[in-house]
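K.L.:
This is what each chain is made of:
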Amino acid sequence: MRRQFESPIVLLGARLLSPYIMVFGWYVIFFGHYSPGGGFQGGALLAASVLLMRVASGRRISRLQIQEFATTPLAVVGVLIYFATGLTAMAMGGYFLDYGQLPIPGLEPDMLRYYGILIIEVGIGLAVMAILIMIFDNMVKGEDYG
Amino acid sequence: MQKGLKILLLILFAAIMIFAASDLPFRGDPDNRMHAERSVNNTRVIGNYAIQNAYRDAHTPNIVTVILGDYRSVDTFGEQIVIYTAGLITLLVLRRTRRLGRSSAL
Numbered sequence: 001m002r003r004q005f006e007s008p009i010v011l012l013g014a015r016l017l018s019p020y021i022m023v024f025g026w027y028v029i030f031f032g033h034y035s036p037g038g039g040f041q042g043g044a045l046l047a048a049s050v051l052l053m054r055v056a057s058g059r060r061i062s063r064l065q066i067q068e069f070a071t072t073p074l075a076v077v078g079v080l081i082y083f084a085t086g087l088t089a090m091a092m093g094g095y096f097l098d099y100g101q102l103p104i105p106g107l108e109p110d111m112l113r114y115y116g117i118l119i120i121e122v123g124i125g126l127a128v129m130a131i132l133i134m135i136f137d138n139m140v141k142g143e144d145y146g
Numbered sequence: 001m002q003k004g005l006k007i008l009l010l011i012l013f014a015a016i017m018i019f020a021a022s023d024l025p026f027r028g029d030p031d032n033r034m035h036a037e038r039s040v041n042n043t044r045v046i047g048n049y050a051i052q053n054a055y056r057d058a059h060t061p062n063i064v065t066v067i068l069g070d071y072r073s074v075d076t077f078g079e080q081i082v083i084y085t086a087g088l089i090t091l092l093v094l095r096r097t098r099r100l101g102r103s104s105a106l
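Line by line, the protein sequences give chains A and B. For reference, each letter of the first sequence is one residue, going 1 to 146 in the UniProt record's numbering. For reference, each letter of the second sequence is one residue, going 1 to 106 in the UniProt record's numbering.
It is worth saying that the hints were derived from the structure and are not from the lab. A quick note: this is a predicted structure, and the numbers were derived from the prediction, not measured.
To give a feel for the contact side, a few chain A residues facing chain B, derived at Cβ under 8 Å:
| hint | residue |
| --- | --- |
| 1 | 33 |
| 2 | 34 |
| 3 | 38 |
| 4 | 75 |
| 5 | 79 |
| 6 | 82 |
| 7 | 99 |
| 8 | 111 |
| 9 | 113 |
| 10 | 121 |
| 11 | 124 |
| 12 | 127 |
| 13 | 131 |
| 14 | 135 |
| 15 | 139 |
A few chain A residues that don't get close to chain B, going by computed Cβ distances all over 10 Å:
| hint | residue |
| --- | --- |
| 16 | 9 |
| 17 | 12 |
| 18 | 14 |
| 19 | 17 |
| 20 | 19 |
| 21 | 26 |
| 22 | 48 |
| 23 | 51 |
| 24 | 52 |
| 25 | 64 |
| 26 | 92 |
In this text, a Cβ means the ideal position worked out from N, Cα and C, and glycines have one as well.
Put together the whole structure using the sequences plus the hints.
P.N.:
Next comes the structure, spelled out in structure tokens:
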């Protein structure tokens with residue numbers, strides 16, 4: 001990657017766009033119950049909003065967002081959210097990933113399945129976002145980045 | 001000349017596709033033939049069950065989300081593991097290449 005110059009116009013455009021892309025990513029994840037969407041697509045949008053800042057600005061500013069050492073733990077947390085949901089359902093006496101057995105009081109099994117799907121979608125989104133950022137960071141590391 | 005031929009081919013292709021799409025069955029109708037077919041073991045295919053029972057099972061209007069997140073959740077879990085493994089392998093390969101390049105330069 002060639003050395004980047006500090007361009008205030010590009011930086012301002014990226015700063016303007018990045019939060020909206022991130023909000024749209026969360027919207028895609030949480031609205032996957034009603035419209036096309038889901039964890040993979042939303043995670044890709046979240047990664048796009050972070051990578052836009054990384055490409056547009058130097059290393060000094062992009063470190064204010066998700067830092068480089070935090071991407072691998074985030075990916076692990078995303079996978080573990082999914083796995084822990086399945087294990088919790090299994091520990092409460094159901095099958096693996098049987099959301100109807102989740103220990104949330106005061107909810108019918110169909111609403112439990114509703115929230116179970118939401119929880120795993122958030123886990124997928126976190127993992128996809130962290131892994132895409134991780135690949136970018138590993139590719140540009142050691143080059144003229146910032 | 002050649003550009004006009006390409007555009008003509010594209011328009012023809014689009015016309016064929018639109019004509020074919022106008023004959024497709026209505027989306028989400030449980031009475032479609034593909035949902036009423038039987039497999040080689042003479043069991044009913046899953047499509048009809050998913051359309052009729054997805055909202056009752058998970059209270060989610062999007063049938064695709066119910067299939068991906070609930071009925072086939074182990075499959076989705078495997079997909080996530082695949083992506084996670086791909087990321088880890090990228091990390092390992094790229095870091096190792098960089099370290100080797102630096103040591104050879106010294």
